[in-house]
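**Q** Sequential numbering of the sequence shown, starting at 1, is according to the numbering used here.
If you're looking for bench data, these hints aren't it; they were derived computationally from the structure.
A portion of the hints provided could be inaccurate.
Unchecked claim - Derived lysine to any residue pairs resembling SDA-like cross-links, with alpha carbons at most 20 Å apart:
no., residue 1, residue 2
1, K97, V18
2, K101, E17
3, K101, V18
4, K97, P37
5, K77, D16
6, K85, K102
7, K97, T15
8, K14, E112
9, K152, E141
10, K139, W126
11, K101, R19
Stated by the list, open to error - Label pairs and their in silico Cβ distance ranges:
no., residue 1, residue 2, range
12, A110, F145, 27 to 35 Å
13, D16, Q69, 21 to 29 Å
14, D121, K143, 38 to 46 Å
15, S70, K97, 21 to 29 Å
16, E94, F133, 24 to 32 Å
17, F133, D16, 48 to 56 Å
18, I51, K143, 50 to 58 Å
Note that CB positions come from ideal geometry on N, CA and C, so glycine has one too.
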Amino acid sequence: MMANGGKHIYCVIKTDEVRNFGSIGIGGQGDEVCTVPHRDIAAVVSDSPVISYSSLNKEDLVRQLAAHQSVVEQVMKDYTVLSIKFGTIARDVENVKEILKKAYTDFKSALEKMDNKVELDVVALWSDLNSTFQEIGEKKEIKEFKQEIMRKPTDQTYE
1 MMANGGKHIY CVIKTDEVRN FGSIGIGGQG DEVCTVPHRD IAAVVSDSPV
51 ISYSSLNKED LVRQLAAHQS VVEQVMKDYT VLSIKFGTIA RDVENVKEIL
101 KKAYTDFKSA LEKMDNKVEL DVVALWSDLN STFQEIGEKK EIKEFKQEIM
151 RKPTDQTYE
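Model the full structure from these sequences, guided by the hints.
**A** Structure below.
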């Protein structure tokens, strides 16, 4: 572990191997990104200073977030990934192993569910969202579905 630093966790993958992904770590310092295995799963980590991401200016935060995402995308080329929230930093390798051990069942289950799937973020922009909703609400199928729901008792229309 580096002085005043920890291990930035990018994602969890299904492997029992120690693997080095190269000097692609967050922060632009050329830190090595590698796996920390536990049984048949591993965290993908790199050295990282312990910093408050909320205190960064917008440009630096976007740069750090892009670097984090770039690492995850690189790992995705070879593995199904379970993304870990940006800015998650463990104290050291032993702390990473503790996290993997404690959450092993959850990580393993999530990785199995995510196998052969890709996570995407979708952003949609409308210049006039209200008119879009109004237009959708005027469609025959939507009107009929709404009337069908309104005819049912409340306990049959809410989950």
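**Q** Hint by hint, work out which the structure violates, then give me just those numbers in ascending order.
**A** 14, 16
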